[in-house]
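K.L.:
As a plain string of letters, each chain reads:
There are 2 protein chains.
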Amino acid sequence: MSRNRLIYLPLGGAGEIGMNAYVYGYGEPGAERLIVVDLGVTFPDMDTTPGVNLIMPDISFLRENADRIEAIFITHAHEDHVGAVGRLWPDLRAPVYARAFTGHLAQIKMEEAGQDPSNVEIVGAWPQKVEAGPFKVSFLPISHSIPESAGLVIDAPAGRIVHTGDFKLDAEPGVGEPWDEALWREATAGRVRALVCDSTNVFSHHPGRSEAGLKQPIETFVAGAPHMVVATTFASNVARVKTLAEAGQAAGRSVCLLGRAMRRMIEAAVTTGIVDDFPTTVTPEDARDIPRENLMLIVTGSQGERRAASAQLARGKYLGLQMAEGDSFLFSSKTIPGNERGVIRIMNAFSEIGVDVVSEDTRYHVSGHANRPDLEKMHAVVDPECVIPMHGEHMHLREHAKLAEAGGRASLVVVNGAVCDLTRAVPHVVEHVEADRVYLDGDILIGALDGIVRDRIRLALNGHVIVNVILDGDEPLGDPWVEIMGLPETGKSRAALVDVLEADLGQFLMRAKSKTLRDDETLEDELKRIARKTAQAEIGKKPEVTVVVSRLE
Amino acid sequence: MSRNRLIYLPLGGAGEIGMNAYVYGYGEPGAERLIVVDLGVTFPDMDTTPGVNLIMPDISFLRENADRIEAIFITHAHEDHVGAVGRLWPDLRAPVYARAFTGHLAQIKMEEAGQDPSNVEIVGAWPQKVEAGPFKVSFLPISHSIPESAGLVIDAPAGRIVHTGDFKLDAEPGVGEPWDEALWREATAGRVRALVCDSTNVFSHHPGRSEAGLKQPIETFVAGAPHMVVATTFASNVARVKTLAEAGQAAGRSVCLLGRAMRRMIEAAVTTGIVDDFPTTVTPEDARDIPRENLMLIVTGSQGERRAASAQLARGKYLGLQMAEGDSFLFSSKTIPGNERGVIRIMNAFSEIGVDVVSEDTRYHVSGHANRPDLEKMHAVVDPECVIPMHGEHMHLREHAKLAEAGGRASLVVVNGAVCDLTRAVPHVVEHVEADRVYLDGDILIGALDGIVRDRIRLALNGHVIVNVILDGDEPLGDPWVEIMGLPETGKSRAALVDVLEADLGQFLMRAKSKTLRDDETLEDELKRIARKTAQAEIGKKPEVTVVVSRLE
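Sequences listed follow chains G and L, in order. Sequential numbering from 3 applies to the first sequence in this note's numbering. Sequential numbering from 3 applies to the second sequence in this note's numbering.
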């Protein structure tokens with residue numbers, strides 16, 4: 003019995019903000035019974051993942067130990083926590099537990115991936131407990147930028163873990179449960195082995211502000227706008243969408259929601275009883291006939307996503323609606339690092355139309371994550387023996403660990419793939435498992451290290467030359483044939499690049515020895531080398547080269 | 003004579019921050035004599051310009067009217083003002099005028115592009131004047147984040163234009179001339195037709211801060227660091243580099259400059275007499291032997307550039323020097339929007355080593371551009387009849403125009419390619435000329451609209467399928483041969499993607515009519531269509547397809 007250990011293993015979210023996936027285990031080393039907390043996605047970018055649809059954690063470890071998995075718990079319905087549940091579930095095949103709103107959205111994810119949504123079981127909040135092997139787990143409500151976010155109280159024979167999930171301390175979050183210190187003190191009373199804690203805003207030194215503080219400024223903004231008002235925020239921030247809609251209503255405007263995600267979230271909130279007083283909205287068809295000074299649109303695309311409603315409006319008409327000079331556009335949001343270019347592109351497009359844009363204005367947005375003083379508060383309320391920072395890039399985790407240590411608690415940076423033994427007096431990383439990323443590319447899951455996306459990046463940087471030669475034994479039939487893609491048509495010699503390539507490759511073939519011509523590999527290598535050398539001389543670039551050798555025999 | 007007009011035509015920099023290139027003209031419409039102010043570059047990114055080396059303004063208009071160009075003036079030595087002068091000069095072949103430091107660097111640009119550096123003529127500051135056709139132009143010193151920045155006082159028969167160049171109002175810029183209000187009042191006294199004015203910081207509402215205010219905080223930071231200190235800033239910010247070096251010296255540390263641009267800039271400043279008291283530095287070789295608590299490195303790469311010294315140090319050893327736990331790294335800089343990912347990548351890499359990183363801290367950085375109150379001050383000092391905003395994205399230009407109008411002055415947003423007639427009582431856009439971008443791609447200049455880079459982006463997003471068929475008349479010789487690049491090897495059918503493609507394409511060839519097989523274009527279209535359809539079914543992606551048809555006859 004004394005050999006049993008309690009482990010924590012992040013597979014995503016520890017060393018990045020995105021694709022959260024955390025594993026807890028209890029039992030004999032290598033045979034621990036496991037639970038999974040969250041299965042999220044992260045989003046691709048052109049720099050590192052061009053053409054990829056979604057990025058998910060590599061759950062090889064879980065797949066190989068699927069028989070040890072007792073359950074999956076989803077803390078809240080943000081994509082970086084629930085987005086991969088449908089795609090990855092077939093590898094895990096364990097029951098999924100979530101509260102009503104989160105579970106509703108998790109069920110949709112299951113359906114979209116062709117899985118049975120009844121594998122998602124809706125459970126109530128603390129003090130209700132879910133038994134999962136050696137664990138007893140309960141959902142402890144906490145405020146965040148989406149309704150019904152929850153921390154988890156995880157009881158194992160070796161001690162209690164409190165997993166915060168994403169959270170902020172907001173006494174008036176508008177929609178969803180407020181931060182309830184008394185409840186948290188009661189539910190986490192007694193010895194807590196470890197607090198596994200959100201680190202996102204550890205570098206924000208001021209105390210967090212309440213969602214409630216936005217109501218008046220947003221109302222004033224909407225009331226003061228002379229023409230049409232358009233506002234964007236994260237669709238999942240139901241409280242914010244409601245505040246925006248109510249401001250429109252208060253200003254006597256008809257409110258129209260644009261964007262699939264926006265409508266889906268509000269529907270989910272209404273269906274699950276999270277919201278029962280959302281203002282009446284009009285359809286885009288009806289909105290077209292309403293005088294623009296009486297209209298407010300609430301749209302998707304706060305991060306400048308190219309296909310979202312905000313970007314569509316920046317490019318022209320969307321569902322018959324169009325921006326015009328004198329309209330106002332409010333980003334009730336913060337631009338996530340890396341999304342700046344997309345947001346700025348939209349702002350400039352609106353500027354060209356004559357739309358007044360407000361962005362990055364703290365009067366109209368608050369963060370959904372706990373700032374540094376609020377993290378200290380959480381440490382104090384839960385009063386754990388150690389703090390394990392999660393949900394952050396490495397710099398956030400490291401800073402959070404320093405903060406905990408400054409408060410007199412043990413702490414440790416545990417990154418994706420590191421198995422941390424929480425049974426020891428001081429938590430300790432004892433093993434490492436594979437924990438990279440997989441890409442959903444079209445309909446196929448590919449490994450980040452498969453080289454497929456690396457090849458696409460090389461094509462984007464270097465262009466592509468295709469060399470085609472036909473041989474009959476060691477006899478070239480005709481000249482080599484070259485096609486190029488993504489390269490200049492003419493180079494320094496002022497002749498067509500393909501002609502220069504064909505000439506150089508043809509010369510080589512004429513002089514090549516029979517042995518070279520009969521060996522595919524040598525021939526390909528040589529043709530590649532010559533093509534790259536010629537391209538370098540002609541255009542100053544070394545392209546990717548594909549050689550196709552066809553043999554007639 | 004009354005038909006003569008005074009025109010302003012931005013070819014770059016008006017609607018973007020980067021690749022500045024402005025044209026002024028005076029004379030009969032369509033036959034104005036021209037001067038060019040600045041010839042800068044802008045930098046590529048993976049989203050829109052993968053594989054491109056540099057982006058420059060499309061100067062087709064100037065090339066087609068090269069006989070009308072009297073002179074080129076360079077206001078200062080930032081890459082976005084001087085970077086294209088060497089590459090574009092052969093199309094213009096007019097004398098280049100600049101002050102000593104700027105001219106020195108412009109001459110290097112000419113040499114690097116294989117042009118005669120003696121085409122760059124060094125001139126003194128106001129009241130010295132350069133005569134250029136109908137224009138008299140003088141360089142009016144002003145403070146900026148590089149030494150020797152200058153505004154231009156441009157006198158034409160139809161009136162005076164003041165072109166600010168990039169500027170801030172700094173009475174103590176450290177290196178380079180301070181803002182001298184009396185000088186500016188004197189030099190711009192009398193009727194000024196138009197102020198063409200930097201707009202970069204129009205959204206910054208607080209008054210600008212002085213470079214001098216950084217000295218004490220930086221000294222305190224360097225003195226308090228326990229181990230090695232590494233600081234990065236723009237190499238061209240000679241004042242900042244000197245402040246950093248002096249702080250190192252004051253703390254008893256040996257100072258080592260890392261990165262080619264860093265050394266080149268300091269050499270240029272010393273050569274041209276801008277700086278005569280730069281602290282002694284040590285070479286990287288010597289630095290290796292100095293105890294790290296006595297060492298300070300000043301390095302390139304404040305924007306996270308992958309090849310710069312900061313990124314090299316984040317990845318491991320660079321010139322024998324290496325970061326270690328307890329070292330300090332200071333970003334004495336601001337991250338330019340769009341560069342966040344690169345900077346964050348470095349910060350996390352340092353976090354993993356245990357280096358303490360300070361970034362985005364206003365104690366250690368001030369902007370080089372005039373904030374909103376300083377723009378108002380400039381309007382008041384020059385007191386022009388109209389203000390034409392330049393050096394900004396569209397939203398900056400629009401906001402700056404509003405600011406000028408709120409101050410009671412006429413203003414107009416003039417974007418790249420718009421010809422503005424400044425002779426009229428109210429400035430007016432009268433024509434448009436082509437003003438896109440050209441890309442330096444390897445060694446070749448290509449047009450932004452040539453489709454070359456668009457093809458590379460498509461390859462990155464969609465992958466590439468190469469289909470090879472050999473025909474003898476209307477008789478396929480063997481099966482089609484398929485190669486893929488950047489695509490998953492297996493799809494939904496669990497067979498190799500190339501096998502499935504070859505099977506489907508082979509079936510088509512077997513059944514195809516003789517007419518189709520004899521017509522290259524139809525055959526290619528059909529094979530492409532089938533390859534894309536099969537790929538869509540197998541992997542959920544429609545790749546780029548290149549078809550190579552070889553005919554034996």
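Check before you lean on any hint, since a few could be wrong.
Restraint ranges, calculated between C-beta atoms of paired labels, are given here [to be verified]:
1) L:Gly322 / G:Arg365: 50 to 56 Å
2) L:Ala214 / G:Lys535: 38 to 44 Å
3) G:Gly328 / L:Ser369: 29 to 35 Å
4) L:Gly449 / G:Glu123: 27 to 33 Å
5) G:Gly328 / L:Glu30: 28 to 34 Å
6) L:Gln324 / G:Thr524: 39 to 45 Å
Listed next, the stretches of chain L that the computed footprint assigns to chain G, with coverage defined by at least 3 CB atoms under 8 Å from CB atoms of chain G [stated by the list, open to error]:
7) 371-380
8) 439-447
9) 452-458
Per the computed footprint, the stretches of chain G lying under chain L, defined by three or more beta-carbons under 8 Å from a beta-carbon of chain L, are [as the list claims (entries may be wrong)]:
10) 49-56
11) 468-481
Calculated from the structure, these hints are not laboratory results. This one's a predicted model, so the numbers in the text were calculated from it and none came from an experiment. We treat Cβ as the ideally placed atom computed from N, Cα and C, and that holds for glycine.
K.L.:
Quick check: which numbered hints come out false for this structure?
P.N.:
Violated hints: 2, 4, 5 and 7; rest satisfied.
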